[in-house]
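**Student:** Letter by letter, the chains look like this.
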Amino acid sequence: MNGNTHNSTDGGQGSATLAERWYVPVEIRALRVWLPFAALVNLLILAGEALRGNGAEQLGVLGAIVLLLILRASLPDGRQRWRRYAGQGLAAAILVLGLLSLLRRDATFYDLWATSWLFAPSALALYWMSAGLSGSWCAGAQDAGAAELGLARNRSLAPRFEAFALHTFLIHAVALVVAPVIWIVDVSISPGNILGGAIFDAFTLEHFRAVLGGEAFWLWTRNSLVVALGTTLVGLLLAIPAGYAFSRYQFAGRKGAMFVFMLIQMFPGIIILVPYFMVMKTLGLLNTSLGLIVAYSVTALPLCVWMLKGFFDAVPRALEEAALLDGCNRVEVFFFVVLPLSLPAVAITALFSFLTAWNEFLLALVFNTSNDAYTLPVGLASMIPATGQLWGDFAAASIVVSIPVVILFVLFQQSLIQGMSSGAVKG
Amino acid sequence: MTPHRPDAGLTAWICAALLLCAAGAGVPHAKAQQVSVDDAAQAYRQIRIEVDYAPAETIAGFEIWYAGQAFESTGEAELHSTIRVADTSALARGPEDVLFDRCWSDGLPIHRDSAGSPVADPDASNWSCALSGMTPGAEQWIAVVPVGADGAPLVDTESLQPVVGRTEVPDERTPPPDTRPVLYALSLVVLSTVALLLFLRRQDARQGRSKSRLAHVYVAPALIALATLTFYPILYGIWLAFTNADQSRLGDEAWIGLANFATVFAGPGVWRVTLFTFVWAVSNVLAHVALGLALAVALDRRGLRGRMVYRTILLLPWAIPGYISVLAWNGMLQPDGLVNGLLGTAIDFFDGAGSARTVVILVNIWLGVPFMMMVFSGALQALPSSMYEVAEIDGVSRWNQFRHLTLPNLKGTLVPVSLLGFIWTFNSFNTIYLLTRGNPYSGFGEPGATDTLITHVFAVAFEYGQYGVAAAWSVLIFLVLIGFSWAYLKRTRAMEAVA
Amino acid sequence: MSDVEFIGTTKVYDDGTVALDALDLTVREGEFLVLLGPSGCGKSTALRLLAGLEDITRGEIRIGGSRVNDLPPGARGLGMVFQSYALYPHMTVRANLAFGLRRGRGDARVDAEEISARVEEAAELLDLHKWLEKKPRELSGGQQQRVAIGRALVRRPKVLLMDEPLSNLDAKLRNRMRFELRRLHEAHGTTTLYVTHDQVEAMTLADRVAILSEGRLQQSSKPLEAYHRPANSFVASFLGTPAMNLIEGAAKGGIFTAGELSFALPEHLAGRDGPGIFGIRPEDVRILDNGDSGGSPGDVPCRVGGVEHLGSDTVYHLEAGGNWIRALRRRTADQAQGTAGGQDREVRVSLAVPAALIFEE
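Taken in sequence, the protein lines are chains A, B and C.
For the record, in the first sequence the residue sitting at position 196 is 196 according to this note's numbering, with numbers rising by one throughout.
For the record, in the second sequence the residue sitting at position 342 is 342 according to this note's numbering, with numbers rising by one throughout.
For the record, in the third sequence the residue sitting at position 75 is 75 according to this note's numbering, with numbers rising by one throughout.
These are calculated hints, taken from the structure and not from any lab test.
Hints should not be assumed to be uniformly reliable.
Stated by the list, open to error - For the chain C half of the interface with chain A, some residues (derived, Cβ under 8 Å), not all of them:
(1) Leu71
(2) Pro72
(3) Met80
No residue lacks a Cβ here, since even glycine has one placed at the ideal position from N, Cα and C.
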């Protein structure tokens with residue numbers, strides 16, 4: 001440890017080299033961060049055990065959490081030997097706890113995952129504290145040369161450790177995200193309406209046949225298409241001139257109008273739903289596509305206007321002035337210069353209002369009482385009433401409906417996110 | 001109506017005859033069941049049947065079949081509803097007039113389970129139901145089939161002998177509603193919007209801004225649409241809040257002052273539902289921001305392999321239509337669903353108030369994280385990498401880089417997006433409606449355990465039909481939201497973006 | 001007649017800023033007039049008012065004798081070259097050139113044959129043939145600039161407007177385009193209004209310059225006249241690099257006094273009396289050689305505070321009685337080295353030269 005004396009400028013306590021003082025094996029550094037995380041995950045597992053009402057198991061997990069935290073606190077520091085022994089002992093104890101919990105029952109997939117959060121940290125800790133370069137560092141048997149070597153090793157290993165942690169985190173997120181997707185696919189190809197059971201253990205197209213062969217699905221699709229396309233058209237016709245005026249003109253009432261547009265966007269549909277419903281009912285627009293088109297184009301209007309204003313702002317004014325000098329009037333300027341230039345933006349806005357209308361549920365639920373007038377969201381939800389739930393058909397229909405929507409969302413994610421949070425991220 | 005009278009008498013007679021036949025035909029089945037139509041209890045589009053039977057352990061429920069013509073087999077009829085036979089000691093007797101199919105046992109409203117379905121006690125020997133959806137003035141054939149625990153019928157379903165009933169209460173073709181008031185109001189709104197625009201235009205002209213002559217014309221369609229379909233309903237809604245409007249009074253509601261607001265505040269669970277709404281919104285936004293930020297930071301790491309794959313997959317909850325994801329979670333969380341399968345349990349997550357609340361919040365968290373992730377990803381990419389390089393040279397740790405460099409620089413995004421997220425979550429309806437409909441049920445007119453203000457207003461309006469009370473709720477929510485929106489607009493300095 | 005007249009033209013913006021204050025200016029037919037001034041002086045506003053892109057608050061503008069205040073921009077018979085070129089990015093160069101002809105109305109209407117002939121002509125003139133089918137973004141800055149000029153010319157405008165057209169080009173290209181613009185003007189003789197803040201452009205291009213400051217016209221005259229006989233101290237200081245020396249003080253009996261400094265005025269200024277600003281261009285300041293001791297009463301003793309060698313020129317910063325005087329000495333063939341050099345040396349300069357001026361305050 002103090003074999004090197006050439007670093008005499010460090011004075012009395014500076015018998016160690018710079019490398020020695022800086023060096024902590026990457027494994028130990030990783031454990032410092034990972035062990036608290038493992039404790040956190042085990043806390044979640046504890047909640048799961050509480051759900052199952054499994055007393056002994058809860059006690060075991062609780063014990064493991066405490067041990068993990070103690071292990072974190074007493075990790076070796078490369079000097080005090082007792083820390084190494086304590087650490088090894090604690091890690092072994094956690095390992096045993098994991099083993100016990102695994103032996104006590106016939107393990108489900110979830111059990112395997114839960115126990116792996118005891119096994120993995122404890123096994124890694126035990127191995128790293130006992131063997132290899134990190135093991136000898138923990139034992140305090142390290143000289144300057146080894147420290148130099150270790151630093152170089154840390155440098156090459158640290159990114160890999162980090163990548164490992166990142167992927168572990170991301171894979172967990174991915175698992176949570178895809179679970180419902182896998183489940184839906186499984187239900188759609190399983191015979192009957194079984195909600196649980198093994199995944200992909202049977203295959204049938206009966207649900208797809210039932211859905212695609214039935215009239216209702218196509219009727220709902222037709223309704224949804226009419227409503228969504230109508231909404232897009234009407235919404236754009238209203239929003240484009242307004243967005244252009246807000247972007248280009250200074251006029252009396254501009255600020256007030258824009259403020260109102262922004263404010264309205266924040267109100268939930270529910271507060272105008274009752275009067276809306278009564279007006280629609282009086283005008284006989286319930287159960288018609290027109291009623292929904294009118295309602296949707298107005299609800300999506302403020303955001304569309306804001307989106308378009310942002311896009312029009314990006315068209316240089318000088319272009320319009322050039323066109324004016326070239327003899328265009330204001331309307332021609334818009335159609336020959338501004339519109340062609342902002343066409344991609346208009347398309348995004350159109351897509352936005354289309355998807356909003358395509359996915360909307362609340363208004364469609366209230367305005368459509370007849371099965372024939374259902375749009376897809378209400379239709380699909382109607383497959384899952386309190387009784388007689390057609391989960392298989394629902395799953396098959398969901399897949400058919402979702403695929404195009406998901407593709408659109410993924411393709412245009414950037415623009416849609418920008419649009420949805422337009423105004424939000426400003427300032 | 002008068003010409004139908006004799007028919008009614010005739011029907012009653014036929015019914016009586018048929019009942020005798022039914023009773024006779026029932027002999028082969030020991031302990032026959034007897035179905036009768038209670039003509040005295042005629043109601044609009046409803047036929048009330050009474051069923052007397054001998055209780056038996058084999059009976060797990062009853063199916064009520066009906067058709068517009070005589071039938072013998074269930075294949076020719078439609079299933080109207082089912083009644084379960086189960087232990088009712090833990091169940092409450094349901095409300096008499098909320099649900100469509102009102103049923104009674106022992107002269108009292110029948111027991112209802114947590115889903116609202118009727119349940120008869122195993123010891124009971126009769127029940128009666130007012131079957132809704134019956135065409136007035138037309139004969140309906142009705143048969144009741146007892147079923148066993150496995151769902152199989154306990155009688156021969158190919159030789160049924162239905163009873164015939166009819167309801168004479170006329171189809172109350174309410175005269176087509178008077179559209180004139182609405183049309184007058186709408187034209188008034190349109191005209192005043194146009195007048196406002198003309199006034200503003202004159203102001204512009206006076207200030208010599210001839211360039212913006214067309215601006216008001218451009219804004220006019222959007223503004224008129226907004227005025228007729230947003231301002232007008234809001235004003236109409238405020239008016240409704242002071243009236244006794246309900247399902248049966250449409251268009252002839254009367255002013256009743258603050259009574260609706262009194263109902264709202266005196267009602268049980270006002271503060272509970274308000275509190276839960278805030279818990280719901282705050283916990284969701286916190287989780288959305290925290291997890292979204294964590295994922296964005298993780299995806300932003302240099303040299304991460306498979307970034308695009310991760311990104312695309314993690315976007316799914318945002319890209320899949322929300323109602324589909326929520327219904328999928330609904331299925332997965334059923335006692336026989338995937339989640340219980342993985343845990344090796346059979347918990348009904350939607351049963352207890354606590355677990356139902358936790359579950360709706362968790363599902364909504366699942367839905368909302370990707371949007372935040374994307375927003376933060378965009379903001380992170382805009383941060384200069386040189387900033388982190390300098391920090392690296394200064395020996396700043398990763399955590400401190402995040403804490404003192406990333407977070408402060410994200411504040412411009414973080415704060416407004418959180419506020420927007422709060423407003424969105426506050427306003428959200430689908431998750432709760434499609435998962436629990438606000439259940440577990442707490443009592444008639446009372447918000448359920450998982451109801452937020454928004455879903456509760458929906459229930460008040462469209463399940464209980466109390467439009468006036470719902471409007472009063474809406475006005476209150478409106479006031480609360482004006483406060484939030486104001487804070488949001490102030491905070492984001494959106495008005496500066498306007499200028 | 002296609003002369004342009006600004007008559008008391010005033011522009012006040014909504015927020016109350018007066019961008020242009022009662023401008024009276026006439027641009028004669030065939031003239032190349034440069035509107036010159038620092039940014040924010042109102043020169044662009046004047047151009048935009050003439051083009052019809054902004055509303056005139058007061059006063060009027062006439063083109064060829066008729067009032068155009070309320071004519072739409074396209075009806076005024078103008079061509080304009082924008083600072084950013086403002087080429088339509090979604091059209092080819094050919095379509096850009098033809099767009100204005102296609103959209104023309106009334107007497108500006110042109111048939112298809114004529115359109116293609118004119119586009120060809122413009123392409124010929126500006127050497128654009130190779131680029132006709134390309135989109136603007138595929139072109140370099142200089143090429144885009146040519147297209148912008150071509151688009152303005154192709155309509156045969158009565159008046160050609162240019163708003164800082166060279167400011168987005170690099171120095172070398174700017175010199176070439178400057179030369180080319182002058183050539184174009186000489187070939188066509190179109191009345192041209194040219195806005196710039198670059199005095200070199202103004203001096204080299206203009207038949208006449210109009211110098212604006214804070215929305216007011218300061219002087220309009222031939223460029224050299226403005227240089228040599230600036231109407232006021234603003235024009236004097238704005239034109240010329242290094243800027244003219246301006247010494248605030250008072251003249252009395254042929255002697256100008258500014259603080260501790262006092263010197264005899266040249267003959268043509270000897271009659272002046274009262275407070276004023278004495279102006280002399282750096283190149284007119286004569287640094288006297290050491291031999292000329294004694295000297296005349298116009299001589300001023302100075303201390304050399306700093307020297308800048310610019311290659312062909314040398315600028316001396318001289319301190320005289322609390323005033324700083326810049327003197328410029330051109331390198332000549334027989335005088336390879338500056339003589340006055342050397343920090344802190346004492347020298348004498350002569351300010352009493354015929355080119356010296358006195359401005360009223």
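**Student:** Which numbered conditions among the earlier hints are violated in the structure presented, ordered from lowest to highest?
**Tutor:** Violated: hint 1 alone.
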